[in-house]
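Visitor: Take these sequences, add in the hints, and give me the full structure.
For my numbering, add 5 to where a residue sits in the sequence shown, where the first one is 1.
Just so you know, not all the hints are guaranteed correct.
In silico SDA-like links for lysine to any residue, alpha-carbon gap of 20 Å or less [what the hints assert, rightly or not]:
{"id": "1", "residue 1": "K715", "residue 2": "D689"}
{"id": "2", "residue 1": "K750", "residue 2": "K590"}
{"id": "3", "residue 1": "K590", "residue 2": "V676"}
{"id": "4", "residue 1": "K750", "residue 2": "V1006"}
{"id": "5", "residue 1": "K94", "residue 2": "S124"}
{"id": "6", "residue 1": "K497", "residue 2": "N1002"}
{"id": "7", "residue 1": "K1127", "residue 2": "L1112"}
{"id": "8", "residue 1": "K1180", "residue 2": "V1008"}
{"id": "9", "residue 1": "K1129", "residue 2": "T1148"}
{"id": "10", "residue 1": "K1182", "residue 2": "W1196"}
Between beta-carbon pairs, the in silico distance windows are [unchecked claim]:
{"id": "11", "residue 1": "Q129", "residue 2": "Q575", "range": "35 to 43 Å"}
{"id": "12", "residue 1": "Q728", "residue 2": "L419", "range": "42 to 50 Å"}
{"id": "13", "residue 1": "L576", "residue 2": "R422", "range": "39 to 47 Å"}
{"id": "14", "residue 1": "I1106", "residue 2": "A1141", "range": "20 to 28 Å"}
{"id": "15", "residue 1": "T233", "residue 2": "M744", "range": "51 to 59 Å"}
{"id": "16", "residue 1": "V786", "residue 2": "A1147", "range": "49 to 57 Å"}
{"id": "17", "residue 1": "Q885", "residue 2": "F242", "range": "30 to 38 Å"}
{"id": "18", "residue 1": "G45", "residue 2": "E234", "range": "34 to 42 Å"}
{"id": "19", "residue 1": "T277", "residue 2": "Q728", "range": "53 to 61 Å"}
{"id": "20", "residue 1": "T1148", "residue 2": "Y489", "range": "54 to 62 Å"}
{"id": "21", "residue 1": "M433", "residue 2": "I166", "range": "24 to 32 Å"}
Derived from the structure by calculation, the hints contain no laboratory data. Heads up, the beta-carbon is just placed ideally off N, CA and C, and yes, glycines get one too.
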Amino acid sequence: MTHRRIDLRSSTVNMTYDRLGEVGDKERGPPNHCRVIQQGTEEELTLYGYQNSACKAALFYLLTLITLGIFYLISYWKPEWRVYWKSRKSALSDADALILKDADGQIHVAIVESETVESGFPSQYVVSSHSFNGVCNGAHNGASDVTHLTQPLHRVLRYFIFQHIKYIWTPEKMTFTRLYGYDQNTPIKSLLNDFRGFTAQEQMQRQILYGLNMISVEVKSYWHLLVTEILNPFYVFQIASITLWSFDNYVLYATCIFLVSCLSIIVSLHETRKQSQSVHDMVEASNTSNISILRATPEETTVEVEVNATELVPGDVVVLPSTGCSMPCDAVLISGNAIVNESMLTGESVPVTKTPITLSEENEIYLPKKHKRHTLFCGTSVIQTRYYGSAQVLAVVVRTGFNTAKGELVRSILYPRPLDFKFYKDAMKFILLLFFIASIGMSYSIYIYILHKEGIVKTIVRTLDIVTIVVPPALPAAMTVGTYYAQSRLKKKGIFCISPPRINVSGKTKLVCFDKTGTLTEDGLEVWGVVEVEGSHMGTPVMDVSSVQHTSHLVAAMATCHSLTYLNGQLTGDPLDVKMFEATKWSLEEPTQGSSNYDQMTPAVVKPSNREMYMDPPNITNIVETPFQVPYEIGIVRQFPFSSSSQRMSVIVRMLGQQHMDLYAKGAPEVIQSLCRPESVPDDLGPILTQYTVQGFRVIALAYRTIKTKLSWHAAQRISRDQVECDLTFVGLLILQNMLKPETKPVICQLQKANIRTVMVTGDNILTAISVARDCCMVGVTDHVYEAKVTPPTCDHPSSLTFEPADSPDMIVHPAAQDVSIMSINMDSISPKYHFAVTGKAWALICQHFPDLVPRIIARGTVFARMSPDQKAQLVEELQAINYIVAMCGDGANDCGALKAAHVGISLSEAEASVAAPFTSHTNNIECVPQVICEGRCALTTNFSVFKYMALYSIIQFVSVLILYSAYTNLSDPQFLYIDLFIVTVIAIFMGYTGPNLELVAVKPLGNLLGAVNMFSILSQIFLVILFQVIAYFYLLQQSWFVPNKPTEIGEVDNVVSWETATIFYVSSFQYLTLCITYSPGRPFRKPLVTNVWLTVSLLILTVTTLLMLLCPWSWLMTLMKIKYSSDKYMMFRIALLLIVATHFVVSISAEYFLASSRSLKKCFQWLMCKREPKNKYKTVLRDMDEDPSWPPIGTPVFSFQGT
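Guide: Pasting the structure below:
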């Protein structure tokens, strides 16, 4: 649908406005009632427009009065229902409220706000309309032509705010659009030329549009939190239950439950307020600072003024102080350099150097992700800024508030995406099942009381009481008890979790992706040596770099091609750059403000530090012919920073005394080789490169170029890197050693023993990655590795995919320190176990031309090298698509996307736990991975156990009450209190204390609450509970001394002190204790029950107490508990009850451990349900590959048009 640009300043246009809303509308209802915005993204929203209706609103409030507020309460729980009930469908242009449906299917409500704006406001967001009956609207709304001619014209801004993001009504598009800053569709040329500071008026207009630059997390008052908590369905149900119990003369029980609920509310309020305050304090720092900006004046000049950071708007020009500051917004550098600590965002504590955007990039569209080397992100700390002379370091604000990078992270904490985890869905289904059971019980209760001719009030109260018994209000809270304790234990181990539901998901982990450098291997790199080009061949390796001739281009490249700087007297920068520079034993001199080395434009100088070096000057005319020498020093004129996508960096330098400039580059060997002149690349580069990479060394290629065109400093700042990063001369290789962390190999072996796949995803060389994979046992000693090589399509040939042995055809190399040992194998016989290795370039081509083979490649892929950050995240998503529960462990900025995409993201970082990933480990090795998985398995098992226990608790009490209803009685007030408060509550709290078994096993915990095995466990225990209660009751009826309880008269209180009540109370009390032991499994996922001291002691005390009441009925205790007793009679009956209880204990334990937990039962259910196919796609893929004798097609190309 195409919309015409329209001017909404006349009545004629207003009518056009209405007609445009009707075009292309396919929804039932008014034209333009529904629109989808941000389609295809994670922020996709479907909007439905609704307009206030006076009649429907009046009916709504009338129903609220008639139902005593219940109608309003329901609408409070379901805000979208309130919109349905109070409003009518309308076009979005007329909407007062919107119902939003997000990409995850969640429903939300937003109120449309209208604000009058003045002339000068950005016109693309202004709706011009006449006021009719006090309402500003862009539609005609039935106003007469006279009204349009006589009423004043209003300029209105219409918007709504959803999850702290502003969506503006755009008349041209006839829909709401997200309000962006200058981070979308803004040419770099515009950022360089068009922003010189706003006037005060322009700034005010933009502040109306964008709002204050604040990332504010509201800390609600205790009163607000209290009201919100009380109106929670759990507490509403609790209040209704307490009221019902009070009517039924259970005043003591109701009072105790009321006090416990009050205590629970107080604790919940304290925790909620504490967490809210913590997040508030974390984000508030960027809202309180002052900052200098450029302000335009009427005289068309600019002045520097200091403003509060909250007043910043996109387009402001910020002046960064030389001493640094905390960034209150996202801004792009347009002049000067800045050294920034981004650990808050990326987890990397190494400062990075930010450089300004240049004219060489002016034709590009600015994107924060692509141009992050030029972007200062909100929340990061600018340590130092540098420029020359008295010039200012300037940055243009591109995003403010919650639109910034920090704002997005805070939003992800406040509004986490819902987890599609089956446990929670099944739990809700089971609660509905309990409601169904309750309805059966209610029907039986009504039948019994009608049969007994009881009063109407008593019948209603007792019938409703069934609901409070069958559906325990504490059930939802009990579902999370295991997760809460697991989170606490992880915190003690230095592992912080900001998304507790992910702990349960971690228990089902089936595959773990690892970054290499800094995760599997040590952070620090050691320079092993260099290999310099000698003629057309590579020379011999040199271990001591300082012994190489100082005028060598290889040494010059190592000394200059970096982004190092001094901070507080310490050399700071990328660890690789630090080690490389230190190996040269050169010194770095940075000019202070006002210095004049070379000229004011030379940022830094490097020179040999062991002694003063001099060299002859170049041929210079018009000077006195007197022999002299100049110091051997190199000035770094321009840096082209390293990026993961380009896999290289370069610098433009000028040697003192030279009239031309040079370029030095370093990066991935294959990238640097592609930029070099073919004749400069040694013939034996390939074999030499393979020799080192297969040993696990990290290899960096170095190259240079003399820039013959005379460049001034200003020209060097404007030239694009593509113009100079070409026709390079290859000068040699830098060999670095990156040792495995001592914890890596044991952890990988532990995971593989537990049948959890391990995958390496790295930006390093593929052969280096394979070598490390072999060292850490990710790839077995005799396993084969085949590299997937893809050729792009040409005019004559389609794209082809070939699998070639990644190791040498006749050997597999096993590195041991710096030595190489060789084991010959026969490659003709393909080992049944093989792995695929894929480079980032090949991965992109496979996804594009061989999408049908992606599942096969990732199902066997173990090494993914030269992967960009986006490709890492894409790989994780593809693994999830074939039903792997994926964990990702990394330590750097390049892993952030994958960490967020994974089901379980674990960041090895000292950064704030709230921003790096769902899990953040302060222990800088991968030992945290099995710890998280163990805790996840323990939490999942505990949550299942507590859930089943709470469900059985309700069933036990349900059966007990129905039996006693049949006998004209019920449990007494103290008996209910003893069961609910002293047995069930204590057990439910302490069941989760059992810690995890620290040994990972190949078996995974059940994840389907309504699966056949779990349902058999629950149903079998329900059967046993009913059976033994009925046996005990009928055994009582057979006693010669037993006198049945008599029905009471209408209005009289039931006789609860009876033998029926006593018998059922004794048996059911022991059943609660029995089921606690039954549902407290130990190995393989948890420690044995006896290690849980609190639960063990509680069980002993409760068992002894119940035994005393059964076998030694003290009169005071029996009176207190309202239990029928005879101290010197019926001992054999009591012993018989104890035997019934003991039998139930033995049968219950046996049914759970020998039947429900047996593999035979699981296979039996699979056979009965005719389950022949694996439910996980990856298992199907693996099976198909194993059954395909032609797979993998080693050495045989597969063409893109052939498919599989």
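Visitor: If a hint holds in the structure, say so; if it doesn't, say that too.
Guide: Hint by hint, here is what the structure shows:
Our distance criterion of 20 Å between C-alpha atoms is broken by K715 and D689, whose separation comes to about 35 Å. Between K750 and K590, the direct Cα distance comes to roughly 35 Å. Violation of the 20 Å bound is thereby established for this hinted pair. Proximity of K590 to V676 is assessed by CA-CA distance (about 27 Å); at most 20 Å being required, the pair is judged violated. Among the hinted pairs, K750 with V1006 is consistent with the structure: their alpha-carbon atoms are about 17 Å apart, no more than 20 Å.
The hinted pair formed by K94 and S124 fails the criterion: a straight-line CA distance of about 32 Å is larger than 20 Å. For the hint pairing K497 with N1002, the CA-to-CA distance comes to about 16 Å; that is within 20 Å, so the pair holds. For the proposed pair K1127 and L1112, the alpha carbon gap of about 16 Å is at most 20 Å, so the pair holds. Restraint check for K1180 and V1008: the C-alpha separation of about 17 Å stays at or below 20 Å, so the hint holds.
Using a Cα cut-off of 20 Å, the hinted pair K1129 and T1148 is violated, with the two alpha carbons roughly 24 Å apart. For the given pair, K1182 sits about 18 Å from W1196 by alpha-carbon distance, which is consistent with the 20 Å threshold. For Q129 and Q575, the hinted distance range of 35 to 43 Å is not satisfied, since their beta carbons lie about 50 Å from each other. A hinted range of 42 to 50 Å holds for the C-beta pair Q728 and L419, which are about 46 Å apart.
A C-beta distance of roughly 42 Å is found between L576 and R422, which places it inside the suggested range of 39 to 47 Å. Range check, I1106 to A1141: Cβ separation about 25 Å, and the 20 to 28 Å hint holds. At roughly 54 Å, the beta-carbon separation of T233 and M744 lies within the given 51 to 59 Å, and the hint holds. At roughly 55 Å, the beta-carbon separation of V786 and A1147 lies within the given 49 to 57 Å, and the hint holds.
Under the hint 30 to 38 Å, the C-beta atoms of Q885 and F242, about 37 Å apart, fit the expected range. For the hinted restraint 34 to 42 Å between G45 and E234, the CB-CB distance of approximately 39 Å keeps it satisfied. Separated by about 58 Å at the C-beta atoms, T277 and Q728 satisfy the suggested range of 53 to 61 Å. At roughly 36 Å, the beta carbons of T1148 and Y489 sit outside the given window of 54 to 62 Å.
Checked against the given bound of 24 to 32 Å, the beta carbons of M433 and I166, roughly 30 Å apart, stay inside it.
Going down the numbered hints, you'll see the structure goes against 1, 2, 3, 5, 9, 11, 20, while the others check out.
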